[in-house]
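K.L.:
Chain residues, written in single-letter form:
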Amino acid sequence: MIDIIISHSPILIVICPLMMSLIVVLIPNNYLSWLITLVTTFITFLISILLYQEVQNHSLISYALGNWAPPLGIEYVIDHVSIIPLIIISGIGFLATVFAYKIMPSEIDKNSISKTYSLWLLAIAGLIGLVTTGDAFNLFVFLEISSLASVALVAMGAKKDRQALVAAYNYLIIGAVGATLYVIGVGLLYAITGTLNMADLTERLADIKNNRALTAGFGFMVVGIMVKAAIFPLHIWLPRAYAYAPSAVSILLAATATKASLYILARILFSIFLPSYDLINYTLTYIILPLSIVAMFAGTIMAIYEKDIKRLLAHSSVAQIGYITLAFSIGTKASIASGFIHMANHALIKGGLFMAITSMGYYLQKRITIHSLSGLGKTMPITFFCFVVCSLSLAGLPLTAGFISKLYLIKASISSEGLWLAFLILFSSALSLIYLWKMIEALWLNPSHNQAIKVKESPVIYTSLLLITFLNIYFGLDASLIVNSSYNASNLLLGISK
Amino acid sequence: MYKNPILRICTKILFAPIILFGLYVQFHGDFGPGGGFQAGVIVASAFILYSIVFGLKEGKKLLPEKINLFLLALGALIYAGVGITSIILGETFLSYNSLGTNAQSGQHIGILLVEFGVGLTVSNVMISLFNSFAGYELDKG
Amino acid sequence: MNWIKGNEMISSAMGIWNYWIVFILMMIGLFIVIGRKNFLKKIVGLAIFQTSVFLLYITFGKITGGTAPILTGSASSIYSNPLPHVLILTAIVVGVATTALGLALVVRINSTYGSIEEDDISAQDLVDYHDQNQIFEKINTKLNK
Amino acid sequence: MITELIINAFLVTLMMGIAISLLKTRSVIFTVILTSAYSLVAALMFITLDAVDVAFTEASVGAGISTILFLAAMAYLPKEEEKNLNSQFLPALSCIILGAILIWCSYDLPEIGLATAPIHLHIVPDYILGSKNDIGIPNVVTSILASYRGYDTFGETVVVFTAGIAVLALLKNTKTPKYQNKSKFKKKVGKNV
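Chains as they are written, first to last, in this note's numbering: chain P, 267 to 764; chain V, 59 to 199; chain G, 181 to 325; chain L, 11 to 203.
Hints should not be assumed to be uniformly reliable.
Listed next, the stretches of chain P that the computed footprint assigns to chain V, with coverage defined by at least 3 CB atoms under 8 Å from CB atoms of chain V [stated by the list, open to error]:
#1 269–277
#2 282–292
#3 328–341
Once the Cα atoms are required to be at most 27 Å apart in a straight line, the calculated BS3-like pairs of lysine-lysine come out as [unchecked claim]:
#4 P:Lys425 with L:Lys182
#5 G:Lys242 with P:Lys475
#6 V:Lys70 with V:Lys118
#7 G:Lys217 with L:Lys93
#8 P:Lys722 with P:Lys704
#9 V:Lys115 with P:Lys376
#10 G:Lys217 with L:Lys89
#11 P:Lys573 with G:Lys318
#12 V:Lys61 with V:Lys118
#13 P:Lys632 with G:Lys318
#14 P:Lys376 with L:Lys182
#15 G:Lys242 with L:Lys142
#16 L:Lys89 with P:Lys632
#17 V:Lys119 with L:Lys89
#18 P:Lys376 with V:Lys61
#19 V:Lys119 with V:Lys61
#20 P:Lys644 with G:Lys318
#21 P:Lys376 with V:Lys124
#22 L:Lys34 with P:Lys368
#23 L:Lys93 with L:Lys34
#24 P:Lys632 with G:Lys322
#25 L:Lys93 with V:Lys124
#26 P:Lys573 with P:Lys475
#27 V:Lys118 with L:Lys182
#28 V:Lys118 with P:Lys376
#29 G:Lys242 with P:Lys704
#30 G:Lys318 with P:Lys704
#31 L:Lys182 with V:Lys115
#32 P:Lys573 with G:Lys242
These aren't lab readings, by the way, just hints derived from the structure by calculation. Even glycine gets a Cβ: it sits at the ideal position worked out from N, Cα and C.
Just chain P, with the same shape it has in the complex:
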């Protein structure tokens, strides 16, 4: 039995949440649907750990679906690169489901909770399918599954605030245009190479030199994925979508949705189009590098002036995505590894921050803004402690996970681009201290509005919060797990050239 699971694990990790989402819809009892979602995400997380072991032994697992050899049929490819977002998505998915037990009923009306959990599982399954697939068109199908499910989840926030509907609408239209641009890119590449399998595409692209359709196809694919990964100029949908989504949903989306698209961007830039080297070099240095520098500063400055906490964290997500794309755009082995490191750490940091804010919002039963936060630090010590640790990790202070990713990023940028880039990175993370201090000061120093609320923090909520904070600290002290797997990934990606 076990070896069936092991040998079929690349497909089981996608099928398990997909099939359970079909079953969860039919269950009328709300508690039972949450329980099944919890068990499913836990099994998915176990399979992803199993896959991690598999990848360590033989570095590439290829699973031909339908028993047809890869160029004919669809192929699932799990290697050092795709295992990192895979573990992030299933891990954070499990933690967010544990956290969502009390939060979901307070935000979504009773009789659509089982549908919400079904959409929740579909979003996780779509993201995992996005990461594991090795076929360019199958990637579009799973991109659609995850984005339709995320749009519906964001729109469920309309019970609290009607702006969730407009945010979901913008998310849908911009996402659909991005996905269609990606399809045009795949179509152009298919027209000149004749194949859809990514590995096959790389081989056949190698012997096509300065073909205009290749450049245009590359451009369309990258822009389509940049829309989905909310990279700077195309990130307009992200702040409102994460701000007005139900709080449990914004935890899941903030920590996982953009990571899958960033992985796809790395896959396109460094594995599919690696042969056309000058095209990649040009895009990286003249398009993605400046954009990510602007993203770092624009996201942080917008966050400083923001009053609504969830939108503030969404803007800071845009800045952190800027760090990841900056790491990719430097293009050396060390920098791509630091990109993957920050991808993992940012999921932990943003997941922790959103969880802390959500638990405060749950007790206040109000929209969390700077003003409504004042004085909560004293009444909710555990949540405040976790919030402080996660914000220190965001700013990148020592002994936290954020410090590790900033350290490797600065080391990589010094070794290749020189001091000016390292200075910019340090300056922008110093800027991010401003809005973090603004929140902590409001939490701790300001007098609280109504001393009346005696808040008894229920263990169900703060267990996963403590767990994610502990992970933040643990990976700050001993980051060997993340660093090694990121270096394996960047070696695999850039193994040939640099």
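Place chains V, G and L on chain P using the hints.
P.N.:
Just chains V, G and L now, kept in the frame of chain P:
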């Protein structure tokens, strides 16, 4: 609900042939144009025509929401079930060679089952889409 | 690559004018999505944009003198490429699913905002935003007293 | 050969006409009818391009179901679209630039109908042979759809399922704060700005 008898009688007469044509398209997918998606839409159009002419309540009586939701999930489950059985029979996901006595009959069975699952899901999704849009005004909070 | 040139120089656009028509249709669809302010019109523009992309895929698959990819038993017949047809079958239903979700959102927006024009909706959101700020100003002044 | 060219040219001009008149109209009913007409003419175009399965799907799903959904949604929406006040220059410019990039890249695309284009040489012969011997089904499109790339169709079914569940969750028993701010917001703020 149209009182006009001509419409009501024509719908009653037309209902069965549309479903029959839908099933023809469903199982004729191997030899000519057709398959799960088109058949599901045709079958759904029969139910939608019925609930347009006889009113949403009658349409809900014809196909209650509970059963509609169940069939919705059942179609996709049939598709996933075919995949899981091919895993249990030792091949990779969604490979039909081992389903039948020999490879070719296995492919035939697999394709027929899979197309039936797609037809079931697509038809029930289209019916539930129409019912949610048409019934939105009634139960708006 | 000799296959691009075909039998006569490609500079004569004879062989690819069909692409240009499809590209123009695509850009009209995209323009409706970006240019128009009505939320329903944006969804119509998206549908046009996606249908034109499907047309592009199918023009890739066409072989002059080829028939539909249904095997007729005779070895000599040329079949058009069936793979783009499979991809487009999937993409059409994805397009309809996106349209259905977009329409559901537009209906909900209309019932809560009273209109589906981008300007009216952002104006109402702005008014919401200021109301919220006034409430907090009042709380702060009460607190500082 | 000539008749095919004439039919093709007629259908293409018809689609162009529909697309441009869609730009012009402001009445919602006319827009919906034009959209379904566009899908139907696209289905006819697919037939001339030998894509019979796709034409069937586009006619039934594209022209059929989405028109029903548009009509059902239209019942709740205002019948007239607003006059567009702000300038259309920037969207038009970006679309023209994108169109120019596409036309620029079309020079390197294989000629239309060229039998030696790469997509006809790489995996398609194996599909046609395999569909005859391994699967034994005359309709190659169905054999690829269900067996060779069966996982795509499974993802496809799940996309349809997601849309069904999402619309059910959105439109069923929905209670949202109707007019959140009781402020003196005038209905047509855009008009007298």
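K.L.:
State for each hint whether it applies.
P.N.:
Evaluation of the provided hints:
With 3 residues bearing a CB less than 8 Å from a CB of chain V, the stretch 269–277 of chain P meets the requirement of three and the coverage assertion stands. With a cut-off of 8 Å between beta carbons, the stretch 282–292 of chain P has 6 residues touching chain V; three or more are needed, and the interface restraint holds. Residues of the stretch 328–341 of chain P lying with their CB closer than 8 Å to a CB of chain V number 6, which satisfies the three-residue condition for coverage. Taking the CA atoms of Lys425 (chain P) and Lys182 (chain L), the gap is near 13 Å; set against the 27 Å cutoff, the hint holds.
Of the supplied pair hints, the one linking Lys242 (chain G) and Lys475 (chain P) holds, its CA atoms being roughly 25 Å apart against a limit of 27 Å. For the proposed pair Lys70 (chain V) and Lys118 (chain V), the alpha carbon gap of about 16 Å is at most 27 Å, so the pair holds. The suggested pairing of Lys217 (chain G) with Lys93 (chain L) holds, with an alpha-carbon distance near 9 Å, which does not exceed 27 Å. A hinted pair counts as satisfied when its Cα atoms are at most 27 Å apart, and Lys722 (chain P) with Lys704 (chain P) qualifies at roughly 25 Å.
Annotation: proposed proximity of Lys115 (chain V) to Lys376 (chain P) holds, straight-line Cα distance about 24 Å (limit 27 Å). With a C-alpha separation of about 15 Å, the suggested pairing of Lys217 (chain G) with Lys89 (chain L) holds against the 27 Å cut-off. A distance of roughly 16 Å separates the Cα atoms of Lys573 (chain P) and Lys318 (chain G); the hinted pair therefore holds under the 27 Å criterion. The suggested pairing of Lys61 (chain V) with Lys118 (chain V) holds, with an alpha-carbon distance near 19 Å, which does not exceed 27 Å.
Note on Lys632 (chain P) and Lys318 (chain G): the hinted pairing holds, with a Cα-Cα distance of about 17 Å set against a maximum of 27 Å. At roughly 12 Å between alpha-carbon atoms, Lys376 (chain P) and Lys182 (chain L) fall within 27 Å of each other, so this suggested pair holds. A hinted pair counts as satisfied when its Cα atoms are at most 27 Å apart, and Lys242 (chain G) with Lys142 (chain L) qualifies at roughly 21 Å. The hinted pair formed by Lys89 (chain L) and Lys632 (chain P) fails the criterion: a straight-line CA distance of about 37 Å is larger than 27 Å.
About 32 Å separates the Cα atoms of Lys119 (chain V) and Lys89 (chain L), which puts this hinted pair outside 27 Å; it is violated. Restraint check: the Cα-Cα separation between Lys376 (chain P) and Lys61 (chain V) comes to about 38 Å, which exceeds 27 Å; the hinted pair is violated. For the hint linking Lys119 (chain V) to Lys61 (chain V), the alpha-carbon distance of about 18 Å falls within 27 Å, and the restraint holds. For the proposed pair Lys644 (chain P) and Lys318 (chain G), the alpha carbon gap of about 23 Å is at most 27 Å, so the pair holds.
Our distance criterion of 27 Å between C-alpha atoms is met by Lys376 (chain P) and Lys124 (chain V), whose separation comes to about 17 Å. With a C-alpha separation of about 51 Å, the suggested pairing of Lys34 (chain L) with Lys368 (chain P) is violated against the 27 Å cut-off. The suggested pairing of Lys93 (chain L) with Lys34 (chain L) holds, with an alpha-carbon distance near 11 Å, which does not exceed 27 Å. At roughly 19 Å between alpha-carbon atoms, Lys632 (chain P) and Lys322 (chain G) fall within 27 Å of each other, so this suggested pair holds.
Between Lys93 (chain L) and Lys124 (chain V) the CA atoms are separated by roughly 44 Å; this puts the pair beyond 27 Å, and the hint is violated. A threshold of 27 Å between alpha carbons decides the hint, and for Lys573 (chain P) with Lys475 (chain P) the separation of about 51 Å lies outside it, so the pair is violated. Restraint check: the Cα-Cα separation between Lys118 (chain V) and Lys182 (chain L) comes to about 14 Å, which is no more than 27 Å; the hinted pair holds. For the given pair, Lys118 (chain V) sits about 23 Å from Lys376 (chain P) by alpha-carbon distance, which is consistent with the 27 Å threshold.
The suggested pairing of Lys242 (chain G) with Lys704 (chain P) is violated, with an alpha-carbon distance near 62 Å, which exceeds 27 Å. The straight-line distance between the Cα atoms of Lys318 (chain G) and Lys704 (chain P) is roughly 20 Å, inside the 27 Å bound, and the hint therefore holds. With a CA separation close to 15 Å, the supplied pair Lys182 (chain L) and Lys115 (chain V) stays within the 27 Å bound. Taking the CA atoms of Lys573 (chain P) and Lys242 (chain G), the gap is about 56 Å. The hint is violated against a cut of 27 Å.
In this structure, the earlier hints numbered 16, 17, 18, 22, 25, 26, 29, 32 are contradicted, and the remaining ones agree with it.
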